[in-house]
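Visitor: Listed below, chain by chain, are the residues.
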Amino acid sequence: MKKNCATIELLLAEYASGDLADADRALVTRHLAGCAACRDELAREQRLREQLGALPPAVCPPAVTAAIRSAVRAETAARAAGRPRRRTRWIGAGAALGLAAAAVLLVAVLPERAPRSPGAVDVASIDSVTITDHDRDRARARRDVEWALSYTAGIVDRTEKESIAGVLRHLVTAGPSGS
Amino acid sequence: MRRETFDAMLEEHRDRVYGHALYCLRDPDDAADLTQEAFLRLWRRGPEIDEPRLAAWLMRVVRNLCIDHVRRRRTVVVHFGRPDPDALDQLPDGDGPDTGPSHGVAQQESRREMMAALATLPPETRSIMLMHYWQGMKLHEIATALDLNLNSVKVRVHRARKALRAVLDEQAAETATAKRMNG
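Chains A and B are the protein sequences, given in the same order. Using this note's numbering, you'd call the opening residue of the first sequence number 1 and step up by one each time. Using this note's numbering, you'd call the opening residue of the second sequence number 1001 and step up by one each time.
No lab work stands behind these hints, which were simulated from the structure alone. Computed from a prediction, not measured in an experiment: that's the story for all the values here. For each residue, glycine too, the CB sits at the ideal point set by N, CA and C. Any given hint could be a false lead.
[Stated by the list, open to error] Some residues of chain A that are not near chain B, with every Cβ distance over 12 Å (derived):
#: 1; residue: R30
#: 2; residue: A36
#: 3; residue: R39
#: 4; residue: P56
#: 5; residue: A58
[Unchecked claim] Partial selection, computed: residues in chain B whose CB lies under 10 Å from chain A:
#: 6; residue: V1017
#: 7; residue: P1028
#: 8; residue: Q1036
#: 9; residue: R1045
#: 10; residue: I1049
#: 11; residue: W1057
#: 12; residue: V1061
#: 13; residue: N1064
#: 14; residue: E1113
#: 15; residue: M1115
#: 16; residue: L1168
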């Protein structure tokens, strides 16, 4: 590779798209005339441009547009009424996913991180005996569940968050140690 | 901001915002959610954003939302496996000339390979590639929109191009091997 090939390669995207200033365009053209490696790179750039440019345009579904307008109307009404802002989101599937993620994470992660002692209760039953036998692992598990809670909270409506968080927290903290 | 103004902005930019989220996340539901969030933020910012800067502002918002979303989702992916590749089939059909069923299958396969290759890029870089190659934004416009140095954008595009080509070449080699074994 010639010394300034690296510099030329940085300009190839704009060269191929026709956005390069005249002086730089002339510089690249001169370099390409004598550099097969950069000509190959330009060919790759052009192929990629064709492939990515061929991805079809996306159309925002009417339901999404309607949901946005509805959310804006709700916010406007809430502001007018002096109520705190309420975010209307696509929470149906999202909330279910978040809850499922939190619950499955709780079940899936704990057995790996909290090795069972003989006679330990099956973690899949969400019994915290296994967790409280291992303080270090319990702390890790708690962090994982807290992450799941924050993930859930991010997609769940504020009013629902409190009750869901309460339920999940109860699942984690309830147990023989009570802490 | 007046509702009529907002509605006009929504009409003009919704496909671009939704499309970016869809190609970035490969999930129509997530794309819908992020599109809604982006436009709600626009509504809340109101008159602070003037029309000339609007497209760039929206791109920055949707790109940041996508990055945050991918980071959150990555933890889930680590625990529960990779995203469902069938989600790609939910992407919209092209509006180009269709020369028959085989053309459609080939086009879909090509799109699937490209989307799989794009998915290997970090979300920040993926967004930049979509903005430039798919949405037609100039590199200096991307730099302005994302508050990045132009040279930094050039370097990212250059590296991403090499990474994409490596993945696509690998895919092509695998396909050729599979065909030889089946043939």
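Visitor: Decide, hint by hint, whether the structure agrees.
Guide: Status of the hints after comparison with the structure:
1. R30: holds, 19 Å
2. A36: holds, 17 Å
3. R39: holds, 15 Å
4. P56: violated, 4 Å
5. A58: At roughly 3 Å from the nearest Cβ of chain B, A58 (chain A) sits no farther out than 12 Å, so the non-interface label is violated.
6. V1017: holds, 7 Å
7. P1028: Holds. Min distance 8 Å.
8. Q1036: holds, 5 Å
9. R1045: violated, 12 Å
10. I1049: Violated. Min distance 15 Å.
11. W1057: Status violated, d = 16 Å.
12. V1061: The hint is violated - V1061 (chain B) has no Cβ within 10 Å of chain A, the shortest such distance being about 14 Å.
13. N1064: Cβ of N1064 (chain B) sits 14 Å from chain A, so the hint is violated.
14. E1113: Given a least distance of 9 Å, the restraint on E1113 (chain B) holds.
15. M1115: holds, 8 Å
16. L1168: Holds: closest Cβ of chain A sits about 8 Å from L1168 (chain B), inside 10 Å.
In the structure shown, a violation is registered for the earlier hints numbered 4, 5, 9, 10, 11, 12, 13, in ascending order.
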